[in-house]
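Asks: One-letter residues, chain by chain:
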Amino acid sequence: MAIELAGLSWNPVSDLEQLTEFPFMVQALEAGTIVAVMAGAIGWFMVLRRQTFAGHTLSVIAFPGAAGATLAGLPIALGYFGACGMAAIALSQVSRPGRESPGSESAAIGTVQAFGLGLGFLFVTLYSGQLSDLESLLFGTFLGITAAQVQTLFWVALAALAFLAVIGRPLLFASVDGAVARTAGVPTGALALAFLLLLGLAVAATAEITGALLVFALLVTPAATAQQITARPGPGLAISVALALSVTWLGLAIGYFSPYPVGFWVTSLSFGLYVAVRLLLGALARRRGPEPLGAAP
Amino acid sequence: MNTQAISSGAEPAGRQEAEGAIRLEAAAAARGGRPVWSGVDLSIGQGEFVAVLGPNGSGKSTLLHVLLGLLPLREGIASVISGPPGSAKDQIGYLPQRRSFDAGTRVRGLDLVRLGLDGTRWGFPLPTALSPRGRAAAGRVEEAIELVGASAYASRPIGALSGGEQQRLLIAQALVRRPRLLLLDEPLDSLDLSNQGAVAALVQRICREEGVTVLLVAHDVNPILPYLDRVVYFAAGSGVEGTPREVITGPTLSRLYGVPVEVLETSDGRLVVVGTPEPPAHHHARHDHGD
Numbered sequence: 001m002a003i004e005l006a007g008l009s010w011n012p013v014s015d016l017e018q019l020t021e022f023p024f025m026v027q028a029l030e031a032g033t034i035v036a037v038m039a040g041a042i043g044w045f046m047v048l049r050r051q052t053f054a055g056h057t058l059s060v061i062a063f064p065g066a067a068g069a070t071l072a073g074l075p076i077a078l079g080y081f082g083a084c085g086m087a088a089i090a091l092s093q094v095s096r097p098g099r100e101s102p103g104s105e106s107a108a109i110g111t112v113q114a115f116g117l118g119l120g121f122l123f124v125t126l127y128s129g130q131l132s133d134l135e136s137l138l139f140g141t142f143l144g145i146t147a148a149q150v151q152t153l154f155w156v157a158l159a160a161l162a163f164l165a166v167i168g169r170p171l172l173f174a175s176v177d178g179a180v181a182r183t184a185g186v187p188t189g190a191l192a193l194a195f196l197l198l199l200g201l202a203v204a205a206t207a208e209i210t211g212a213l214l215v216f217a218l219l220v221t222p223a224a225t226a227q228q229i230t231a232r233p234g235p236g237l238a239i240s241v242a243l244a245l246s247v248t249w250l251g252l253a254i255g256y257f258s259p260y261p262v263g264f265w266v267t268s269l270s271f272g273l274y275v276a277v278r279l280l281l282g283a284l285a286r287r288r289g290p291e292p293l294g295a296a297p
Numbered sequence: 001m002n003t004q005a006i007s008s009g010a011e012p013a014g015r016q017e018a019e020g021a022i023r024l025e026a027a028a029a030a031r032g033g034r035p036v037w038s039g040v041d042l043s044i045g046q047g048e049f050v051a052v053l054g055p056n057g058s059g060k061s062t063l064l065h066v067l068l069g070l071l072p073l074r075e076g077i078a079s080v081i082s083g084p085p086g087s088a089k090d091q092i093g094y095l096p097q098r099r100s101f102d103a104g105t106r107v108r109g110l111d112l113v114r115l116g117l118d119g120t121r122w123g124f125p126l127p128t129a130l131s132p133r134g135r136a137a138a139g140r141v142e143e144a145i146e147l148v149g150a151s152a153y154a155s156r157p158i159g160a161l162s163g164g165e166q167q168r169l170l171i172a173q174a175l176v177r178r179p180r181l182l183l184l185d186e187p188l189d190s191l192d193l194s195n196q197g198a199v200a201a202l203v204q205r206i207c208r209e210e211g212v213t214v215l216l217v218a219h220d221v222n223p224i225l226p227y228l229d230r231v232v233y234f235a236a237g238s239g240v241e242g243t244p245r246e247v248i249t250g251p252t253l254s255r256l257y258g259v260p261v262e263v264l265e266t267s268d269g270r271l272v273v274v275g276t277p278e279p280p281a282h283h284h285a286r287h288d289h290g291d
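For the protein sequence lines, the chains are G and Z, in the order given.
For the first sequence, the positions run 1 to 297 when our numbering is used.
For the second sequence, the positions run 1 to 291 when our numbering is used.
Honestly, the hints are just simulated from the structure, not real lab data.
Worth double-checking, as some hints may not be accurate.
Residues from chain G shown here face chain Z by an in silico Cβ test under 8 Å; the list is partial [what the hints assert, rightly or not]:
#  : residue
1  : ILE167
2  : GLY168
3  : LEU172
4  : VAL176
5  : ALA179
6  : ALA181
7  : THR183
8  : LEU213
9  : GLN227
10 : ARG287
Note that the coordinates shown come from a computational prediction; the quantities given were computed from them, not determined experimentally.
A virtual CB, placed ideally from N, CA and C, is assigned to each residue, including glycine.
Extracted from the complex, chain Z is given alone in its bound form (with noise of 0.2 Å):
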């Protein structure tokens, strides 16, 4: 069975024409010689909202270094807004994984997004009042900061702030030099139930108003389900893609992993992954020894 086939009678209108954002064919990635996934195909459209799910070790953030361009393919294409990966850098907001700033650190919210912004550019800054440019960054980063409703905590110290208006404040420097493609390596992590569910509306009302495509690695698919588009399932060294409702099925996850696997869904929407092996253990006394 095709998910491509079946999924393109219910892509959104446009989808075709639109340029896609980002293209794999065949792909394979390799981390120090280890291979993480092979033969995977993906085709996402602009301004569609992503979930890149898989077990621990499946590769979700080496396909976000992967369209980064930090680590090469080694087999197969990528494409990422019309070119190779990493030509398009300035186009790409980032979100590396697991960062939190510890309470010590006497930077403010405000900022942090600024240097999203600016934090390249060698010299040294006129004050703001001074010059135009100055006051045209300090406006782009409040746009940026209302954008993610951080306004009433972004002049505060980073440090002092809880993880869900860190977060905020994150994807506002990913956001402030208005990418059109936003790689969020687990966001929710660190998250409460209430506060994932929060930071996806937040994610999907930015990808819709903003035309952002955003790929957004999870490890649990249920907080966000309602708002996303499509979604990459990474598992037993591969992946495939497709709508939420044709990848999260018993057949589609069965082939996938290679032995039965069942998804249940509960009364309340929820979906149940059961009977995947545990890859990882598997997986590593497979390779161990290769390095």
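Bound-form chain G, shown alone (with noise of 0.2 Å):
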């Protein structure tokens, strides 16, 4: 594949002088940053409670909430916000712990979903239909991010991680081993709507730099591609960080010197990061031989 890399010029240093050259650029590096983070730690939660499905759920909510508050010209980050918050305390509704019909559940939540996107649909639609604005919803406007837009981020994120942190140890407990964490005194339920609410915020922030559709490629991919990697919870979380943050610098690298966008390098970057460590996995494991007989399922 010929890749046409305008203006690089192979010496690092005057490569990165030139990516910092624009504020534009600036913003970017420092949005990717945060939202890396936040979906890397948050993400690996999610990955580790098989709640993946709650999270695409929740970032395709976040399109109509983000379409309907530009219709209503309402702050963008205004409708992400408030449409993860009220589609995170709606699932904590519809997936109560304990309740075993995960079928069911995932359907009634499809039905959700789709109506959703219909509805994000109708509100790009009266909003004069701009195609651009539908495109940098689903897909995401790295390289236009605001100061403002970084300021509030920032805040969000550490809020949410702090808040993370101080829930984090029994929230593994509960996600690892529900009913004990129940009986040893773990307010399971609550912290599954905290949780939940969490995710809501780490999906809105990242929707707003990766659009609606991307957002995955910083909270899944990362945080699964470490949970390959290593089974242990201190490691796995570092892992998963790091994973999302050099994906999204690479990405932002690539997508600034070369002609396709942003959102392409950060999801294909990360997905080959995942297929390859699963590949040299797989290749490691056949070579230690065949799993002892205690392992079979």
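Quick one: dock chain against chain with the hints and give me the complex.
Replies: Here it is, written out as structure tokens:
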């Protein structure tokens, strides 16, 4: 594939200088960094709790929220956070802990998702149907972040991560071993709601930059890759954040020098990493010989 | 015939003065308005290994839920470690029923045991190397894992372990806080026969060495019979308690079920209960319209 990387000098120092020459690029890097840390950490818990589908639902609901806010002349961030927050509360009502019928639950959630997408489409059409708006809502505005947006993102992420640090250990307990956590006195129901709200925050913050459809590049893929690499909670979280950061930085840098959109690069990089790690771990496991008998399910 | 009266002579020394770990008097329990059992008296001393037996749906797990304080008694009095149920949560280790982790669970056995120790604590833990409390906790986790003989595989993901290995780690998790009472709900359920005996022997050793009272729910008494001090047998809406030889007899079980029941002993010492009615279907048909 011949990619024309306009302006790339292959000299790291001058390339870095080029990257940070324009404020829009600095703001994109700052916002990307904040969002990657937040999505990497919260995404790790989401994958552990097997709530990827809930995360997907929240990101789909983010789209009508943002479109509705644009139509009503409200700040677009309000649309993202409002819609994701309400959807998180609604989801926690549908998926009560202890209810063991994920099938009917996911069907109900899927129905709401389709309706949400339809609503978003209506709002965009009503807003005199400017196609570029639709595209940025769905696929992100990496290079259109304002300094004010970066500030808001910073405080939201700081609050969310501080809260996650406080509830982290009981949340881990409730996530892997709910029945025992409950009898040990962990408020599993309240934690489930708190986590969905955190997830809503992370999705809304990420969607502002990556768009509603590319949220998963930062929320799922780095976390899923990290859990492939290690089963230890601390290092797993760190790897998840580190991977989210690297794909964001690399994606922004490549996107700056290439004619293709940043969103494409960020998603491709995280997808490539995931596939590479899976193949590598698979090869390692085969070299170590067949799994011991006890490992059979 | 009163099983309590017979048992008094055979009780371990010290049982009377030691404060009872568990007492139930004229207790009755109900689930969703449906009575499960009633008229149950229990007196279990500290450090005894007790099996909870009976057919499906007879209320074995219900007893554990009552003792944990999750389900209030409908009638009668209950006391667990010198207080009402639920008052001594941190002194009870609990292993719920049919818990297994599928192959995708990416958490080490070690982490699971550690969560049993301090998983309820809020706040971000410092790396173990930097905090004395973290080092003490890691030491205690290692000790508990050694006690159940799971050191060899504790650092592998729990989902990649066999049922017996998972069960040992779950017992370590229930033990890690040094509880005075261990409530194990069908821990032998998914294990083959030789593993059932091995885990029962392990539980008995812990019971003796650590002085922990153990209540173990099982559906077959035979693999664990040699290790037991007492049994609680639930059937037909009631329950009796005593040593295995008192309770698992034709007369006692006939009285409990309300129909003639025979207990046969095979040449290798296995007990076979013959002639019990099929209570679950009958039971449901009688009570379903009451909801």
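Asks: Could you run down the list of hints and mark each one as holding or not?
Replies: Structure-based check of all given hints:
Proximity of G:ILE167 to chain Z holds as hinted, the smallest CB-CB distance being about 7 Å (cut-off 8 Å). A least Cβ separation of about 6 Å between G:GLY168 and chain Z falls short of the 8 Å threshold, and the interface hint therefore holds. Satisfaction of the interface hint for G:LEU172 is found here, the shortest Cβ-Cβ separation to chain Z being roughly 7 Å, below the 8 Å cut-off. With 8 Å as the threshold, the beta carbon of G:VAL176 comes within range of chain Z, its nearest partner Cβ sitting at about 5 Å, so the hint holds.
At its closest, the beta carbon of G:ALA179 sits 4 Å from a beta carbon of chain Z; the interface hint therefore holds under the 8 Å criterion. A cut of 8 Å between beta carbons decides the hint on G:ALA181: the least distance to chain Z is about 6 Å, and the hint holds. Hint on G:THR183 holds. Least Cβ distance to chain Z is approximately 5 Å, under the 8 Å limit. Interface hint status for G:LEU213: violated, as the beta-carbon distance to the closest one in chain Z is roughly 26 Å, over 8 Å.
About 4 Å separates the beta-carbon of G:GLN227 from the nearest beta-carbon of chain Z, less than 8 Å, and the hint is met. The interface hint given for G:ARG287 is violated, since its Cβ lies 17 Å from the closest Cβ of chain Z, which is over the 8 Å cut-off.
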